[in-house]
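Participant: Here is how the chains run, residue by residue.
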Amino acid sequence: MPAFSARLWFSRDLREVRLFLQKAKSTTKKTADKAKLKGLLYPAVIFVIILTQLPFLLTIVFSSINWNLLKPADRQFVGLENYATVFSSGDLIPALIATITMTTMAVVSSLLLGLLFALLLDRKFKGRALARTLIITPFLVMPAAAALSWKFSMFDTNIGAVNYFAGLLGLPEPAWITDYPMVSIVIVLAWQFTPFMMLILLAGLQSQDQEVLEAAAVDGSSTWKTFQLITMPHLRVYFEIAILLGTIILLQVFDPIAILTKGTGGTKTLSYLLYERAFIGLNVGEAAAYGVIVVVITIVLATLALRTLFSVFTRGVRA
Amino acid sequence: MRQRKAPWLGAAAALFTAALVSASCGGGTDTAEEAETTTTETAATPVTITVATVNNGQMKDMEQLTAEYEAQNPGVDVVFQIMEEGDLRSSVTADIASGAGQYDVVTIGSYEVPQWAANGWLTDLTPYVGTPEYDVDDIIKPVRDALSYEGQLYAVPFYGESSILMYNKEIIEAAGLTVPNKPTWQEVAEIAKKVKSDKVNGICMRGKPGWGESFAVLTTMVQTFGGNWYDMDWKAGVNSPEFTQAITFYKDLLETAGPKDPLSYSFNECLNGMKNGDFAMWYDATSLAGLLESDDSPVKGKMGYVYAPVVKTKNSGWLWAWSLAIPKTTKNVDAAADFITWATSKEYHQLVGETLDWNRVPPGSRTSTFENPNYKEAAAAYAPITLEVMSSVNPNQPGVNPQPWVGIQYVSIPEFQDVGNQVAQLVADAVAGRITVKEALDKGQEIAQKAGDAQK
Numbered sequence: 001m002p003a004f005s006a007r008l009w010f011s012r013d014l015r016e017v018r019l020f021l022q023k024a025k026s027t028t029k030k031t032a033d034k035a036k037l038k039g040l041l042y043p044a045v046i047f048v049i050i051l052t053q054l055p056f057l058l059t060i061v062f063s064s065i066n067w068n069l070l071k072p073a074d075r076q077f078v079g080l081e082n083y084a085t086v087f088s089s090g091d092l093i094p095a096l097i098a099t100i101t102m103t104t105m106a107v108v109s110s111l112l113l114g115l116l117f118a119l120l121l122d123r124k125f126k127g128r129a130l131a132r133t134l135i136i137t138p139f140l141v142m143p144a145a146a147a148l149s150w151k152f153s154m155f156d157t158n159i160g161a162v163n164y165f166a167g168l169l170g171l172p173e174p175a176w177i178t179d180y181p182m183v184s185i186v187i188v189l190a191w192q193f194t195p196f197m198m199l200i201l202l203a204g205l206q207s208q209d210q211e212v213l214e215a216a217a218v219d220g221s222s223t224w225k226t227f228q229l230i231t232m233p234h235l236r237v238y239f240e241i242a243i244l245l246g247t248i249i250l251l252q253v254f255d256p257i258a259i260l261t262k263g264t265g266g267t268k269t270l271s272y273l274l275y276e277r278a279f280i281g282l283n284v285g286e287a288a289a290y291g292v293i294v295v296v297i298t299i300v301l302a303t304l305a306l307r308t309l310f311s312v313f314t315r316g317v318r319a
Numbered sequence: 001m002r003q004r005k006a007p008w009l010g011a012a013a014a015l016f017t018a019a020l021v022s023a024s025c026g027g028g029t030d031t032a033e034e035a036e037t038t039t040t041e042t043a044a045t046p047v048t049i050t051v052a053t054v055n056n057g058q059m060k061d062m063e064q065l066t067a068e069y070e071a072q073n074p075g076v077d078v079v080f081q082i083m084e085e086g087d088l089r090s091s092v093t094a095d096i097a098s099g100a101g102q103y104d105v106v107t108i109g110s111y112e113v114p115q116w117a118a119n120g121w122l123t124d125l126t127p128y129v130g131t132p133e134y135d136v137d138d139i140i141k142p143v144r145d146a147l148s149y150e151g152q153l154y155a156v157p158f159y160g161e162s163s164i165l166m167y168n169k170e171i172i173e174a175a176g177l178t179v180p181n182k183p184t185w186q187e188v189a190e191i192a193k194k195v196k197s198d199k200v201n202g203i204c205m206r207g208k209p210g211w212g213e214s215f216a217v218l219t220t221m222v223q224t225f226g227g228n229w230y231d232m233d234w235k236a237g238v239n240s241p242e243f244t245q246a247i248t249f250y251k252d253l254l255e256t257a258g259p260k261d262p263l264s265y266s267f268n269e270c271l272n273g274m275k276n277g278d279f280a281m282w283y284d285a286t287s288l289a290g291l292l293e294s295d296d297s298p299v300k301g302k303m304g305y306v307y308a309p310v311v312k313t314k315n316s317g318w319l320w321a322w323s324l325a326i327p328k329t330t331k332n333v334d335a336a337a338d339f340i341t342w343a344t345s346k347e348y349h350q351l352v353g354e355t356l357d358w359n360r361v362p363p364g365s366r367t368s369t370f371e372n373p374n375y376k377e378a379a380a381a382y383a384p385i386t387l388e389v390m391s392s393v394n395p396n397q398p399g400v401n402p403q404p405w406v407g408i409q410y411v412s413i414p415e416f417q418d419v420g421n422q423v424a425q426l427v428a429d430a431v432a433g434r435i436t437v438k439e440a441l442d443k444g445q446e447i448a449q450k451a452g453d454a455q456k
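Line order of the protein sequences matches chains L and X. Going by our numbering, the first sequence opens with residue 1, and the numbers climb by one from there. Going by our numbering, the second sequence opens with residue 1, and the numbers climb by one from there.
FYI, nobody ran anything at the bench for these hints, they're computed from the structure. It is possible that some hints are incorrect.
[Unchecked claim] Cross-link-like lysine to aspartate or glutamate pairs, in silico, EDC-like; alpha carbons within 16 Å at most:
hint : chain 1 : residue 1 : chain 2 : residue 2
1    : X       : K346      : X       : E371
2    : X       : K260      : L       : E173
3    : X       : K456      : L       : D74
4    : X       : K346      : X       : D137
5    : X       : K328      : X       : D95
6    : L       : K71       : X       : E242
7    : X       : K235      : X       : D442
8    : X       : K300      : X       : E170
9    : X       : K376      : X       : D357
10   : X       : K443      : L       : D91
11   : X       : K312      : X       : E187
12   : X       : K260      : L       : D179
13   : X       : K312      : X       : E242
14   : X       : K196      : X       : E173
15   : X       : K275      : X       : E255
16   : X       : K199      : L       : E173
17   : L       : K71       : X       : D453
18   : X       : K438      : X       : E173
19   : X       : K194      : X       : E170
20   : X       : K194      : X       : E173
21   : X       : K314      : X       : E187
So that you can see chain L by itself, here it is in the shape it has in the complex (with noise of 0.2 Å):
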């Protein structure tokens, strides 16, 4: 009986394994030897520890604190006040919903548009590299200087390429930074953020496994239906990998919101708000109560979406 033997084998292992330990166990019984082995570590931690956690908690200590700069005499412990300024000034939701409008917006369309362009470029054709190394180099520009030239040379209603290309359609020819503060916005990181989605998405493809798209061919699949079937399911886990890192990134965008709209319009994302807290308002106290709002959120945020929406986190990758 094989299935038996194997369960008796593999019984046997784990009470051999438990052996092990404790014959290792009683061998490092030594205290001195424990006691130096963990101090040998206490360096690495507290350094990891003062790295990681004293800003944090540094930022916890100045949001109980009035502290504007321009107010040196002013300074003094104010327990919750700050908090209690944070959430009656009405800056906090607006904020948020614009955080998340803008992230959502920026990574959807960046996912399709990166979607679009991983089918193409896994395709075989003549100018194959250079295409590819052409469409990542949005993403190595850098943000503010990639907002600065959609500012001045795309969205521009004098000179403006966008309004250009849409004078010769015929199509409406809108002032963006005015009527569509949000749309300009996301245009600008949808641009940035493709290359990054389609990197990823393009990796996906590369590592599809061709004997089973032979199969399926074979089999008289239409392209649809094996892309539906096959191509989608197996890149549900570098979709989840892309929303994931790019909604982290996206989370903290500033430059094209400082370049374009300076906050206006809808655009006054967290990040933004934090900013202007901070280095206008020279208010270190509520900026910081800003900060450990903002990061309670994530958090929360962020536990909350790797539990439950993302199956990388939750079963990990099945090749």
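Add chain X to chain L, keeping to what the hints say.
Facilitator: Frame of chain L; chain X shown alone:
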């Protein structure tokens, strides 16, 4: 699973490396620029003066010419830290507020001077500027007033500016119009609407939200319309009828004759637009006239310059001065004072004119510079009106009613950066038509009143 080769990865990697290299090179240059240092041989009792300043052309000229000063004063070493305006403001504020004492000389604007003097952060310069060679009375009076606190001078102006209306003579004349020397806003709006066509916009004004961007222009408009941020009791007047009238006028003017995408326009965008002949008129700083008249400008010699438009007041030009001050935390007060009185002296202006270019002399600080024949010739188009406007503005009471602070296009309270910025964003939403002017200003009133209450 079959492995596929990816030859493009190599190309991508190469490109990425190139980007990294160029990025790090760029970073290197930036740091070098930010902390450029000038060093000379030091004598027996060497003194090092650290100067924090803003990265404008005139300041870079000062750094270059400081070698002359060091040659005259052996043993003094002047070190410059040149930064962007925003970085300068936050790093200097943090340095002085915390008493770190890193800087011996700081470059600050007229907005900061009276506040920092009130905080006790700045050295009173009155004892150092009394010499006949320095001739403190030669400094344009409104600038001197803006840099004083309780009758004492706390900073000396490096250069100053007011605001004027600049116009393209060719466009205005082609439309058969004239711009009066002292126009009213109503006249300007009429002209702007008449010259507006498919190719040319009537007027350019800063629309990008910010206390130093759109609200530099808007505060002067509000004041000449009879409104103001606060009255003598620090009661906010943001939703007063006059303030509302000014903002509505600005919004209408932008809609009917302004740039198509107003919220993306600040002075750089307007400057480009003027040079391209996209605009007939432009209301902005006097210091920008020099750029329209420079050799590389296509509109050089085609521009006319008149007073800032008014409604109820006689003048409505603003007043700004980049100034040099000495923080209380410095240990080298005498050496620092000696340096700043040199950098803002008549002798220094002469030096810039002779060694560099008369158009590069720091404008708008000294009356005598405007009388210099060389400067008069180089800056003939805009120098006379710059001097006239700068001497006639009144920072003590720019509007119709008295105000409890000194300053024109800002309120000299620490909260103003924040208040001005938030109200500017609300007004921008109103200009874009997302909310009404009334909604914007009612919310603005709340924000402004909170800051007003803190002053009582």
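Participant: Take the hints in turn and mark each one as holding or not.
Facilitator: Hint check results:
For the suggested pair K346/X and E371/X, the alpha carbons sit about 12 Å apart, so the restraint of at most 16 Å is met. Under the criterion of a C-alpha separation no larger than 16 Å, the hint pairing K260/X with E173/L is consistent with the structure, at around 10 Å. Taking the CA atoms of K456/X and D74/L, the gap is near 15 Å; set against the 16 Å cutoff, the hint holds. Distance check on the hinted pair: K346/X and D137/X sit about 12 Å apart at the alpha-carbon level, within 16 Å; holds.
This hinted pair checks out: K328/X and D95/X have alpha carbons roughly 11 Å apart, not beyond 16 Å. Restraint check: the Cα-Cα separation between K71/L and E242/X comes to about 31 Å, which exceeds 16 Å; the hinted pair is violated. For the given pair, K235/X sits about 14 Å from D442/X by alpha-carbon distance, which is consistent with the 16 Å threshold. Our distance criterion of 16 Å between C-alpha atoms is met by K300/X and E170/X, whose separation comes to about 12 Å.
For the suggested pair K376/X and D357/X, the alpha carbons sit about 13 Å apart, so the restraint of at most 16 Å is met. A distance of roughly 12 Å separates the Cα atoms of K443/X and D91/L; the hinted pair therefore holds under the 16 Å criterion. Our distance criterion of 16 Å between C-alpha atoms is met by K312/X and E187/X, whose separation comes to about 13 Å. Only pairs whose Cα atoms come within 16 Å are accepted, and K260/X paired with D179/L is accepted, the gap being roughly 10 Å.
Proximity of K312/X to E242/X is assessed by CA-CA distance (about 11 Å); at most 16 Å being required, the pair is judged to hold. Our distance criterion of 16 Å between C-alpha atoms is met by K196/X and E173/X, whose separation comes to about 13 Å. Annotation: proposed proximity of K275/X to E255/X is violated, straight-line Cα distance about 22 Å (limit 16 Å). Straight-line distance between C-alpha atoms of K199/X and E173/L comes to about 15 Å, which keeps the hinted pair within the 16 Å bound.
Under the criterion of a C-alpha separation no larger than 16 Å, the hint pairing K71/L with D453/X is consistent with the structure, at around 15 Å. A hinted pair counts as satisfied when its Cα atoms are at most 16 Å apart, and K438/X with E173/X does not qualify at roughly 38 Å. The hinted pair formed by K194/X and E170/X meets the criterion: a straight-line CA distance of about 14 Å does not exceed 16 Å. A hinted pair counts as satisfied when its Cα atoms are at most 16 Å apart, and K194/X with E173/X qualifies at roughly 12 Å.
For the hint pairing K314/X with E187/X, the CA-to-CA distance comes to about 15 Å; that is within 16 Å, so the pair holds.
Checked against the numbered hints above, the structure breaks hints 6, 15 and 18 and satisfies the rest.
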